[in-house]
Structures are given as structure tokens and as C-alpha cells.
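Make the full structure from the sequences, and use the hints.
The numbering of the sequence shown is the numbering used here, which starts it at 22 and goes up by one.
A hint or two may mislead.
[Stated by the list, open to error] Listed below are the simulated SDA-like cross-link pairs for lysine to any residue, each with C-alpha atoms no more than 20 Å apart in a straight line:
1. Lys51 / Arg39
2. Lys67 / Thr37
3. Lys49 / Cys62
4. Lys49 / Phe36
5. Lys45 / Val60
6. Lys49 / Asp38
7. Lys57 / Met47
8. Lys57 / Arg46
9. Lys67 / His30
10. Lys67 / Asp32
11. Lys67 / Glu56
12. Lys49 / Val66
13. Lys51 / Arg65
14. Lys57 / Phe36
15. Lys51 / Ser41
16. Lys51 / Thr37
17. Lys67 / Ile34
18. Lys51 / Met35
19. Lys45 / Met35
20. Lys67 / Leu31
21. Lys51 / Cys62
22. Lys59 / Met47
23. Lys67 / Asp38
24. Lys45 / Ile34
25. Lys45 / Gly58
26. Lys51 / Tyr64
27. Lys49 / Ile34
28. Lys51 / Ile34
No lab work stands behind these hints: they were computed from the structure.
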Amino acid sequence: RVIQHEYDHLDGIMFTDRISPLRKRMIKSKLSNMEKGKVSCHYRVKTV
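Right under this line is the structure:
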């Protein structure tokens, strides 16, 4: 899993590209907050 995850980054694939449309709708607000930088964490986050 970890190797696939890192390999996906090399190909420009993010975890959201691999989840189902239903799951995306379920977590839409969380993804939106991540995109806006409104997520608190203990490490540096770079948004594109």
C-alpha cells in the first residue's frame, strides 16, 4: 500500500483520484477544507 501510494505521487495521482464518487460526496466538506488550508495538523502542508 505504501509503495503504491508513493508511486502514485510520481505519476501525479492523488488519493482522491482513487476513491469512488459516492465516497467523494460523503467527504466533500472535508476535502474542501483541506483544499482551503483549513485543516490543522502537526506538520507542514503544501496546497497546490
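| query | Which earlier hints turn out false for this structure, listed by number in ascending order? | reply | Violated: none.
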